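Student: Sequence:
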Amino acid sequence: MKFLANLLIFFGVALAIGFGLSFVALENGSLFGTFRMGPWAAWAQVGVANPDPYTRAYISRTNALELAWAEGLRFSAVKDSDGQPLLLQCNYRIDGMMPESSFWTLVATDGTGALAVPEYGLRALASGHIQQFDDGRFLLRVGPDLAPGNWLETSGEGKLVLVLTLYDTNLQSGLVSGENSLPAISRESCR
Numbered sequence: 005m006k007f008l009a010n011l012l013i014f015f016g017v018a019l020a021i022g023f024g025l026s027f028v029a030l031e032n033g034s035l036f037g038t039f040r041m042g043p044w045a046a047w048a049q050v051g052v053a054n055p056d057p058y059t060r061a062y063i064s065r066t067n068a069l070e071l072a073w074a075e076g077l078r079f080s081a082v083k084d085s086d087g088q089p090l091l092l093q094c095n096y097r098i099d100g101m102m103p104e105s106s107f108w109t110l111v112a113t114d115g116t117g118a119l120a121v122p123e124y125g126l127r128a129l130a131s132g133h134i135q136q137f138d139d140g141r142f143l144l145r146v147g148p149d150l151a152p153g154n155w156l157e158t159s160g161e162g163k164l165v166l167v168l169t170l171y172d173t174n175l176q177s178g179l180v181s182g183e184n185s186l187p188a189i190s191r192e193s194c195r
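In this text, residue positions in the sequence shown follow this note's numbering: the first is 5, and each later residue adds one.
Because the hints were derived from the structure by calculation, they are not lab data.
Hints may be right or wrong, so weigh each one.
Claimed, not checked - List time: in silico SDA-like cross-link candidates among lysine to any residue, alpha-carbon distance up to 25 Å: (1) LYS83 x VAL17; (2) LYS83 x LYS6; (3) LYS83 x LEU19; (4) LYS6 x VAL17.
What the hints assert, rightly or not - Cβ-Cβ distance ranges computed for the label pairs, FRET-style: (5) VAL82 x PHE107: 19 to 27 Å; (6) ILE21 x ARG195: 36 to 44 Å; (7) GLY42 x LYS163: 13 to 21 Å; (8) LYS163 x GLU123: 40 to 48 Å; (9) ARG127 x ARG40: 21 to 29 Å; (10) THR116 x CYS194: 51 to 59 Å; (11) VAL17 x LEU150: 50 to 58 Å; (12) ILE134 x GLY42: 37 to 45 Å; (13) GLN93 x SER131: 49 to 57 Å; (14) PHE14 x SER106: 50 to 58 Å; (15) GLY153 x GLY16: 18 to 26 Å; (16) ARG40 x SER131: 39 to 47 Å; (17) VAL17 x ARG141: 46 to 54 Å; (18) ILE134 x LEU12: 31 to 39 Å.
No experiment lies behind these values; they were computed from the predicted model shown.
From the three backbone atoms N, C-alpha and C, an ideal C-beta is built for every residue, glycine too.
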């Protein structure tokens, strides 16, 4: 009887650890399958012919239409550059340069993946429609409070996820340098 009780406890602990690690890996991708640049993370094997099991589970879990490997990379950020969680009720400054790509978009979503912008506002910021400095750098602002220049308005409260999609980018080549770094995300204020 004691053997059976120990065996059940052993299996319970093993299942809890296995499911717990799988949940953590799929929730933020920090254990397996992600490519990270500062606060931004992308699932590196999305779009390849035979992705790893964690990438397959991520694709099944999100039900998102993903880009093929040659089309581009989709990065997401759930924390700012200081490691603080992104919140819809806060204003953020995103500045720097983008890696070389044909086109890019920045979208604000909530924790469920739904757009977190007002019904009447812009749906996304796109590389072809923003103001840039002479050296190619830019300054984007994301948040509920009106800001000058390149501003993406958010609405609601709770978790904010920024989704940056780079189309036809050189990051798939594996050649990552300082010129290929993604922009920093800084919190400016909160309501």
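Student: Hint check: LYS6 vs VAL17, CA-CA at most 25 Å. Holds or violated?
Tutor: Between LYS6 and VAL17 the Cα gap is close to 17 Å, so the pair holds against 25 Å.
Student: Assuming the hint says 50 to 58 Å, is it satisfied by the Cβ distance from VAL17 to LEU150 or not?
Tutor: holds (53 Å)
Student: Would you mind confirming whether the straight-line C-alpha gap from LYS83 to LYS6 stays at or under 25 Å?
Tutor: Answer violated: LYS83 to LYS6 is near 47 Å, above 25 Å.
Student: CB of ARG40 to CB of SER131, is that within 39 to 47 Å?
Tutor: Cβ of ARG40 to Cβ of SER131: about 22 Å, so the range 39 to 47 Å is violated.
Student: Starting from the range 37 to 45 Å, see whether the pair ILE134 and GLY42 falls in it by beta-carbon distance.
Tutor: violated (20 Å)
Student: Using the Cβ atoms, figure out if LYS163 sits within 40 to 48 Å of GLU123.
Tutor: violated (20 Å)
Student: Just to be careful, I want the Cα atoms of LYS83 and VAL17 compared with a cutoff of 25 Å; is the pair within it?
Tutor: Given pair LYS83, VAL17 is violated - Cα atoms ~31 Å apart, limit 25 Å.
Student: Using the beta carbons of ARG127 and ARG40, state whether their distance is inside 21 to 29 Å or not.
Tutor: Holds, at about 26 Å.
Student: Within 31 to 39 Å: is that where the Cβ-Cβ distance between ILE134 and LEU12 falls?
Tutor: violated (59 Å)
Student: Could you tell me whether the CB distance from PHE14 to SER106 stays inside 50 to 58 Å?
Tutor: holds (54 Å)
Student: Within 51 to 59 Å or not, the Cβ separation of THR116 and CYS194?
Tutor: Violated, since THR116 and CYS194 (Cβ atoms, about 21 Å apart) do not stay within the stated range.
Student: Are VAL82 and PHE107 spaced within 19 to 27 Å by their CB atoms?
Tutor: holds (24 Å)
Violated hints, listed in ascending order, are 1, 2, 3, 8, 10, 12, 13, 15, 16, 18; each of the other numbered hints is respected by the structure.
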